[in-house]
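S.K.: Spelled out, the chains give:
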Amino acid sequence: MRNIFNEQLEQLNTDLIEMGTLIGQVIRMTVEALVDKDIEKAKKVIRFEDQIDRQEKTIENLCLKLLLQQQPVASDFTQISAALKMITDMERIGDQSADISQILISMAGQPYIKKLDHIQAMANETTRMVFKSIDAYVKKDLELAKEVIEQDDIVDSLFLTIKRELIDLINESTENGEQAADLLMIGKYFERIGDHATNIAEWVIYSITGKHDDIDVTIE
Amino acid sequence: MGKIRNAKIADKIMTIVFYCIALLFLVLLLVLALYVIFKGFVDFKLEYLSFNRKGIGNQFFNTLYLVFLSLLISVPLGTLAGIYMSEYAKQGKITNFLRISIETLSSLPSIVVGLFGYLVFIVMTGARWNLMAGALAVSILSIPLITTTTVDAFKSLENGYKNGSLGLGATHWQTIYHVMLPACFPRIMTGIILAAGRGFGEAAALLYTSGMSTDINWSNWNLTAATCALNPFRPGETLSLLIWASRSEAVSANATQIANLSSAVLLIMVFTFSLGARMLSRGINKKAKGC
Amino acid sequence: MDSKIIINDLNLHYGAFQALKNISMDIKKNEITALIGPSGCGKSTFLKTLNRMNDLEENVKIDGSILLDGIDIYHDMDSILLRQKIGMVFQQPNPFPKSIYDNVAYGPRILGIRKKRELDQIVETSLKQAVIWDEVKDRLHKSALSLSGGQQQRICIARTLAVNPDVILMDEPTSALDPISTSKIEDLAVELKKNYTIVIVTHNMQQATRISDKTVFFLLGETIESGETHEIFSRPKDKRTEDYITGRFG
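Chains as they are written, first to last, in my numbering: chain S, 1 to 220; chain H, 1001 to 1291; chain V, 2001 to 2250.
Some hints could be false.
To spell it out: a stretch of chain S is covered by chain V in this simulated footprint if at least three of its residues, at any positions, have a beta carbon under 8 Å from a beta carbon of chain V; those stretches are [said to hold, decoys possible]:
1) 61-73
2) 76-84
A short, non-exhaustive set of chain V residues, derived as facing chain S with CB atoms under 8 Å [stated by the list, open to error]:
3) G2040
4) Q2206
5) S2234
6) R2235
7) R2248
Simulated from the structure, these hints should not be mistaken for lab results.
C-beta atoms are modelled at their ideal positions from N, C-alpha and C, and glycine is treated no differently.
Isolated chain S, as found in the complex (with noise of 0.2 Å):
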């Protein structure tokens, strides 16, 4: 029953999952960039950027064409909904870790002003949630998603503190300025990238249960 069309939900599933292991290894290298001052793999998740984009539209195109031909409902529909609202917070990431390189780029042959512990911490947890939020999907794991969501206060209250500690360090000299400038915008793209990842665990659930925070289709 159907053959065509489960053949075609398990391409979407492996193309999912294809694009997520790529997220993964991009925010890795630019996590890498970033503590080990390494400016080629800077380049090299910037070169990434345009695969990402294109498996976006790859799998844009899939839903698309699998909602119009052949009007899923139940665990179907909810599949290709959920996969075509994650492939854009995905692609997002991928655009995230882009902007970093290219700040990291600009910033090259720099010393860092400050040690980048915080910054690294940050990094880190939201490099784990990228990762977990995959996970969750190949797993279709619920508990992992909820973790997922639950981390994101973790990045958000590591923000603040990485805001303040570059606020002391302009008061301290203004030749910390451009840097620090930069710094936060580093700061500010890791904290989006969490943000999105905690988007992709909720349509995980989604994917898994049917529901989602935000959405609500019952008929008036």
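Please build the complex by placing chains H and V on the supplied structure of chain S, with the hints as guidance.
M.R.: Relative to chain S, chains H and V alone:
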């Protein structure tokens, strides 16, 4: 390729065959009709149509009246029997047996039916020959026709009509009377025409029931009188019997011409009745459907 | 919402074959309830128990109870009266071979209404409710059979409305119609539910999701799952329901 050509040739041949058969029937009908009518009117004298002993007028009237009487009996009985068979009788051995019996009744030899009629309607009642007895005898032959036609008509009706009516809260009888019967009307009319045709042409069944003589006094309108035209309990020779009598007993000089004329008139009557009944049926149908 | 029809433990046997098994259901007033399921699973049979059209078939045994507004329709109600309260629209449009006017006026006439003015009024109102008045008002005395399939079906709906029922049963009413007629009748059903209770049997999943409030899934004579339509179609509880609505079997 050869097979397709052969198939096409066979197709063409069969088409021609069918057209020929149709032509044959048409020609047959035309030849028969024209011959009879020609022969009937070749030595025509107006007095032959008169309503007295010299002419066939009375027999003409008797034929019409007999058909009318037999329809009066057989249409209600036949239709109701048909409705019972198709709508009320439970499917089963008894119903099947009933159906076969009815169909057999129609193909009984008419002379046998006539003698039966003689026994029951004349001897047992102690009556003389009369039109009513003849009508009853003819009915025995025509009721089954109407019944079978009615049953077929009802069975071929779309189920939707019945379901639709019952679904609205109509009773079974209301459904039959207001929806099914009107819808079957054209087909039942065909049965009626067939039955009437039977009546026009019956001879053997009428021999010993409606009698071989006719004595009508057109000025007498006392219904109980033996010479009143509308009294069904008087003897009445029909055209078919007149034909038989003229050809076999041959009393008067112009018996042959009388017989021929009667044949022609009878033929024309049957055609006219058939056409007229169909036109009437179409008209009623149109009004009912509101086309 | 109040209950209009309550079915309790309904069983139906055709001779030795059990067509319906322990059906219990609560049909709410002024809602559209859709009955879905594979062919031959008992949906139409069940529908016909609601207006006792099963009485017309031989060898049918029914036990259990069906209450219409609290009255048992098999034991405490006359079947003729019942069919005036619960009307039915069939899969194949089946207008009588009569004029449009006579079709719609048939029901009221059966009820004994004879006055022309009253009948005129009823015919107009019913045809308006069925959203077909404008299309036929100038040819009320033409044969109903001269209309298209979709129009004929709306005439049948008007005919049913003319006897002022409480409930309208629809047995796959659009399966023989083209998409435009189908959507007209779907809109009509949604409009009608304001004043009537509607139960519809359908093979079309999308139709059920478009117009029904509640859906009941039938399989082999039993009700497997029932509930709010959007729940059934987005998060069905039973795997058999899910398999059926996603087309994995049927």
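S.K.: Does G2040 (chain V) meet its interface restraint, that is, does its C-beta lie within less than 8 Å of any C-beta in chain S?
M.R.: violated, 18 Å
S.K.: Verify the interface restraint on Q2206 (chain V): the C-beta must sit less than 8 Å from at least one C-beta of chain S.
M.R.: holds, 6 Å
S.K.: Under the criterion of a CB-CB separation shorter than 8 Å, is R2235 (chain V) in contact with chain S as hinted?
M.R.: holds, 4 Å
S.K.: Would you say the stretch 61-73 of chain S counts as covered by chain V, given the rule of at least 3 residues with C-beta under 8 Å?
M.R.: holds (count 3)
S.K.: Would the hint on R2248 (chain V) stand, with a C-beta cut-off of 8 Å toward chain S?
M.R.: holds, 5 Å
S.K.: Have a go at the S2234 (chain V) hint: is there a Cβ in chain S nearer than 8 Å to its own Cβ?
M.R.: holds, 5 Å
S.K.: Counting residues of the stretch 76-84 of chain S whose CB is closer than 8 Å to a CB in chain V, do you get three or more?
M.R.: holds (count 3)
Violated hint for the displayed structure: number 3, the only one.
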